[in-house]
Each structure stands twice: as structure tokens, then as C-alpha cells.
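Construct the complete structure from the given sequences, taking the supplied hints into account.
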Amino acid sequence: MAKSDVKKFIIYSLFLGILILPMVGFPGRSFEAARAFTIWGGIVGILAIWLLNKTIRHSDMYLRTSAHLAPFRNTVLRKFSKLPTRHYILLLLIVVGSFPLLANNYMIDVGITCLIYIVLGLGLNIVVGLAGLLDLGYIAFYAVGAYSYSLLNLHFGISFWLSLPIGIVIGAICGCIIGYPTLRMRGDYLAIVTMGFGEIIRLVLNNWDKLTKGPNGLLGMSKPEVVYPAFSKGGFEWVVYSLNSLHALYYLMFIIAILTVIGVRRLDNSRIGRAWVAIREDEVAAELSGVPTTWLKLLAYAMGAAFASVVGAFFAAKLSYTNPNFFIFMESCIVLCIVVLGGVGSIPGVILAGIILIAVPEVFRELQDYRMLAFGLAMAVMMVLRPEGLIPATRRKQELHEADQSSPED
Amino acid sequence: MDNASFIIQQLINAIFLGSIYSLIALGYTMVYGIIELINFAHGELFTAGAFIGIIVLAALQNMGFVETHFVLTLILVFGMAMAYVAVLGVAIEHVAYKPLRKASRLAAILSALGMSIFLSNGMMLSQGVSDRAYPAIFGLKGFSILDARIAYGQIFIIILSLVLMVALNMFVNWTKLGKAMRATAQNQTMARMLGIDIDRTIRVTFMIGPALGAAAGVMVGMYYGSVRFDMGFIYMIKAFAAAILGGIGSIPGAVLGGIIIGGVEVLWSAFLPSEWKDVTTFVVLILVLYLRPSGILGEHVSESRV
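If you're matching them up, the sequences are chains A and B in order.
Take 388 as the starting number for the first sequence in this note's numbering and just add one per residue.
Take 1364 as the starting number for the second sequence in this note's numbering and just add one per residue.
None of these hints come from the bench; they were simulated from the model.
There's no promise every hint is true.
Derived CB-CB ranges, DEER-like [to be verified]:
no. : chain 1 : residue 1 : chain 2 : residue 2 : range
1   : A       : 603       : B       : 1640      : 17 to 23 Å
2   : A       : 631       : B       : 1650      : 44 to 50 Å
3   : B       : 1466      : A       : 391       : 19 to 25 Å
4   : A       : 656       : B       : 1536      : 51 to 57 Å
5   : A       : 429       : B       : 1640      : 39 to 45 Å
6   : B       : 1466      : A       : 631       : 47 to 53 Å
7   : A       : 603       : B       : 1588      : 25 to 31 Å
8   : B       : 1536      : A       : 391       : 34 to 40 Å
Here are the simulated lysine to aspartate or glutamate pairs, DMTMM-like style, with alpha carbons at most 20 Å apart [claimed, not checked]:
no. : chain 1 : residue 1 : chain 2 : residue 2
9   : B       : 1461      : A       : 775
10  : A       : 610       : A       : 496
11  : B       : 1461      : B       : 1562
12  : A       : 390       : A       : 447
13  : A       : 395       : B       : 1562
14  : B       : 1461      : A       : 392
15  : B       : 1465      : A       : 775
16  : B       : 1542      : B       : 1560
17  : B       : 1465      : A       : 669
Heads up, the beta-carbon is just placed ideally off N, CA and C, and yes, glycines get one too.
Structural data, given as C-alpha cells:
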């Protein structure tokens, strides 16, 4: 056990203790030492296990055993990697597609929420992951989608399908409106300004009583409807089927999610996607190489906003209700968490993180309160220990680990 | 109430609110000046200060200490809140920011944001979702100028924030550590070459900035009579707007920006519908960033830093 490791361990556990004490130790007006120390002990325990793991990994015995096992491990890994990716995708599609047949209503509802957040994560991934613009007000576009469908449906009776393209256009325009003043900014400034815009949109929805009914929200939007031909004795007629059941809504969301994944994947591999990555890496160099940075940044905002807008419309249609409190800053943080934990710029990562972050807290309902606490901590820890995320994007992984790979060759 | 007293009343309100925003903005500006990172957790540190204040104050009140030793109570409440939050600031810096000093900007911002979410939810869990009442120690005592009511509490808060700002200015300009801070902010590499302990300087910055924020938190609690776990968010945006308006990195700028933002807000609430007052701050922030990102007193910032 290295001495510096032990020292680091002691310092970090001390600091963590200080960090955690006021969080858990002061309910009301008294100090609950026992509770504070239990939680602190838990975290220090995890740190100790990590330290032990590190020590074992560096010990001679471990190195010798792993050298023995290496050929076996390599064979297994090779066998797995020989399976083409489409088998995995097919398996995933079958599992997700057959999920509602086996699950009860509550589980389907959680499934829909999961899919909603996955699509939101993928949309934000365009802005944060590809173009490298940190957007803390992303949920505003979700609100724009939800409210544009609600208002169009309530006032003009426009159907879900027709309001989707209108919502996309409105969302994209809002994206450009927010994007335009922030084009010159980077990093921290951009984060704060987008956060401010997100709050402005929420405040407008909250205060503009005449249009949005303020904090009471809008009620009574119709569900999406499907029209299909039916053949009966009298011949042939169009039947209108309203997607009222959770199963139907689940499959609709599933289709939206699949289309989003395909869309984002195509964007990622396109000329536009590469231009975004170029902007993310070095804006000046990209500009000098002839990439129209202004337009592409606006496009990134518009694209991200369009995806959020679609899901927003779906969300409003599913609940037949919206209210400004669905779109608070914390929601933006959850979506950002999904992108960051999954791996900035990585599609499978975002999907995995979406499932973990939304479904796992539902399973452990008694720990629901600690959800955001854990998300926040995970975000900071992830940035320090594994900035590339759970499933790193190939391109990004190479960038972040360039130093490790090149050093032995020098 | 006639016009003159109305103006005096609003003026006092504006100075009061402005000095609170200034104190929080100072924390942003100092941290940004040194490591060029916006401390997203600053709003939460401010709230933590308010909660520590509540705990200390309630304990002292239960002991019947407030009536007998009023001045000592104030010193204890502010001192303990500031001391604790200073340590908390250093802890956050050590755990979440220090390992990322050489990493990309995005990683550092996300880590800061993670800390902010962590702290705010931690406070929600331990302190509850609802408003917490602050023990009233100033009461409603005050005096009147031309019908304008001015509470002693308000005057005390304004004077205390002035004292803190002057003390900070003296510290930064006249002490050796302050000189080291200014040098680090100007050019970190050069400062290191000249033998300045950069880590220690950053640590000191992360003690002073949050401590000022904590003082502001206690003041807000004492004046408005209640605190909430998420009140840091709106104060953070306003103080940030103040820091940008004055020119981020500039200490007098932060004070000036705070006073302006406070003034705009008070003016708006006096004459226009107050539910839109938060929107004005955002609009001011966006306009400043768009028209003059270097702020009023800031040095010229190159495009890359913005």
C-alpha cells in the first residue's frame, strides 16, 4: 500500500466528512451525529474498498494470476466481439419491444418515462456532445413542445400528427432565438445564459396567465389518433383509433425513440456531425478550415430543440395536461446527467444512462429522495475519475486517452 | 406616504439588496479571477451559510444567550457560518475542482454543477422542502426619516457588508497573501515561477469567497425571516449577473454590479408587476454579455475567454 495513497485517502475522507455533515447532520435544530456518521462511514467504506482494490491490483500475486488468465480472457473477448453489432441491436429491440407484454401498467409507465428521457438525452447530446455547447436550459424546449401542442390542440383542434411538424418548427425557432445571442460565448458564460433562458421560458409560462393559465396548467388535450382501414361486410371504411392505452402510447414512444436514434446516428456520421466535432475541438481552427461555425452552432441548437419539442408534444398528449412546474431547472440537470454519465457524444451510453437514471430510482422507491443527491455526486465523481462516461464514444475515448497510448512509444 | 419618503425607502431597499448581491458576486469574481471557473456551487454555499446561521442562532436563543449578549450573538452567528462555509468551500475545491485543473473546461463546469446539485439536494434532505423560519432577533424596531421606516436590522446589514468589503479590499491590496492572489490571477505560470504557492493561494480564495457568501446568506435569512434549500439558485443568477455587469474578475466591479442589479430590481418592483422582476435580471445579464462581455470595470476579455 503506497504511502501517498493512504495520505490521499485520509485527506479525502476528512474533506468528504466536512462536505456531508451539514447535509445529513442537521435536521431541524439539532445535530444528529449518528446519521451523519453512518453516511460518512458508508462513503469512506467505498473509498477504502477502492484503495484496497488498487493495492491488490498492484500486488505481485494479482499480476501473476492475471498473466495466467490472460489467454483465456482474450479468447472469450474475441468470441464476443465476433458477433456483429446488429445482433445486439436486434436483441435490444426484441427486449424493449416485448416489454409491455410482460409488464404491468406501472412498469410500462416507467418504461415510457425512460424512453422520453432517452430521447431528451440524445437531443441534448447533439448540443453538448457533438457541438460542445453546454446547455443548461434544455428542458425549455421540451416545454415549448408540450405547450405548442397543448395550445394548438385546445384552441384550433389540430391533431397530434399535424402539430408535430409545427411544434418542431416552433422548437427549432426557439432554439435559434436562444442560440443567436450566445453564439460568441463559450463554456461557463454559455452555461449560465442558457440556464437564464430556461428560467425565462418557465417564468413566462408561469406568469402569462391569459395564454397558459399560469401555474394551473392546461388540461384536456386529445390523445394521438391513428386512422386505419377496416374491411367489413359493407366493404371498406376508415376507423379512428385513439391511442388511449398505455401499451399504445408505449409503442408510439418506442417508435419515436428508434427514429431519434437513427436520426442522431446519421447526423453523427454526416458531414455536419464532423463539422460539429471540429467546432467542439477547436473553433478557431474549424472556422479557418472553412466550417461555417455560426450556422452550424445555430443548427445544433435547432436540432436539439426539435427533438425535445417532439417529446414534449408526446408528453403533453400522454398526460393530457401540462404545467410550468414540469419544466424546472432540475429536469435540465437530470437530462444533462444522463448525457454526462452515459458518455458525452455516445449514443449507447446515453441509452444505458437513461435506463439507469430513470428506472433504477423507481425500483428502489424508498431511496427516491436520495436520487438527485446521488446524481450530483456521480456527475462530479465521473468528471474526476472517468470523464469519458460509462460507454465512451469511440472518437472521444481516443482523444482523452491519446496521452496514455502514445507515451510508451516515446 | 409622500414622494420623498417613498424615494428614501426605495433607496435604502436598493442599497440593502445591492450589498447582498455584491457580497455574493465577490465570491464569484474572486474565484473566477484566479482559476477562471464559475463556481456553480456558490449559490449553495450561500444557502449553507444561512442554514448554519439558523442552527447557531436557534441554539443560542434556546440558551437565552441572545437577550444577555446581543453583540456576542451576532459575532458568533456570523463567525461560525462564515468559518464553516469557508471550510466547505475548501473541501469542494479539493474534491471536485483541484483534480480537474488541467482537464477541459466542460469537465470542470460539469463537476462544479454536480457539486451544486449534490449540496442543494443534501440541504433539501436535511432541512426539509418548506421554508424555515429564522429566529427574529432584530424585531421590528427601527426609526423613521420623513415617514420612511428603516429597520435597525437593515442598517446593521448594510454597515456589516460595507465593513466586509473594505476588509476584503484591504486584504487583497495590502497583505502579502493578497498580493499573491493578484499575481496568480494575472499570470499563474509566472506566479509559480516566482515562488508563490499556487495551491495555497487558490485555497485561500476558496475560503474568502464562500465566507462572504455565507455572511450574505445569514443576512438574507435575518432580514426576510425565512430560508429555503433552493433559494441559492435565484441569488446565484443575480449575483452572477452582477459580477458580469461589473466585469468578472474585478472586485470593485462586483460591488458596483451588485448595487446596479439591486437598484434595477427595486425600481422594477416599485413601479412594474413584481412577478416579472426575475426576468429583468436575466435580460440584463444577456444584454451585458451580448453588448459588452467585459463588463463595466473589467479589462478587455479576448473572445477565447468568453
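Here's how the hints hold up against the structure:
With their beta carbons about 22 Å apart, residue 603 of chain A and residue 1640 of chain B fall inside the hinted range of 17 to 23 Å. One distance hint, 44 to 50 Å for the beta-carbon pair residue 631 of chain A and residue 1650 of chain B, holds here, with the actual separation near 47 Å. The beta-carbon spacing between residue 1466 of chain B and residue 391 of chain A, approximately 21 Å, falls within the hinted interval of 19 to 25 Å. Roughly 56 Å separates the CB atoms of residue 656 of chain A and residue 1536 of chain B, a value that falls within the hinted 51 to 57 Å.
In this structure the supplied range 39 to 45 Å holds for residue 429 of chain A paired with residue 1640 of chain B, their Cβ-Cβ distance being about 43 Å. Between residue 1466 of chain B and residue 631 of chain A, the C-beta spacing of about 49 Å keeps the proposed range 47 to 53 Å intact. A beta carbon spacing of about 29 Å between residue 603 of chain A and residue 1588 of chain B agrees with the range 25 to 31 Å that was offered as a hint. Between residue 1536 of chain B and residue 391 of chain A the beta carbons are some 38 Å apart, a value that agrees with the proposed interval 34 to 40 Å.
Using a Cα cut-off of 20 Å, the hinted pair residue 1461 of chain B and residue 775 of chain A holds, with the two alpha carbons roughly 18 Å apart. The straight-line distance between the Cα atoms of residue 610 of chain A and residue 496 of chain A is roughly 16 Å, inside the 20 Å bound, and the hint therefore holds. Restraint check for residue 1461 of chain B and residue 1562 of chain B: the C-alpha separation of about 9 Å stays at or below 20 Å, so the hint holds. The suggested pairing of residue 390 of chain A with residue 447 of chain A holds, with an alpha-carbon distance near 18 Å, which does not exceed 20 Å.
Using a Cα cut-off of 20 Å, the hinted pair residue 395 of chain A and residue 1562 of chain B holds, with the two alpha carbons roughly 16 Å apart. Of the pairs offered as hints, the one joining residue 1461 of chain B and residue 392 of chain A holds, with about 17 Å between alpha carbons and a cut-off of 20 Å not exceeded. Taking the CA atoms of residue 1465 of chain B and residue 775 of chain A, the gap is near 15 Å; set against the 20 Å cutoff, the hint holds. With a C-alpha separation of about 12 Å, the suggested pairing of residue 1542 of chain B with residue 1560 of chain B holds against the 20 Å cut-off.
Taking the CA atoms of residue 1465 of chain B and residue 669 of chain A, the gap is about 17 Å. The hint holds against a cut of 20 Å.
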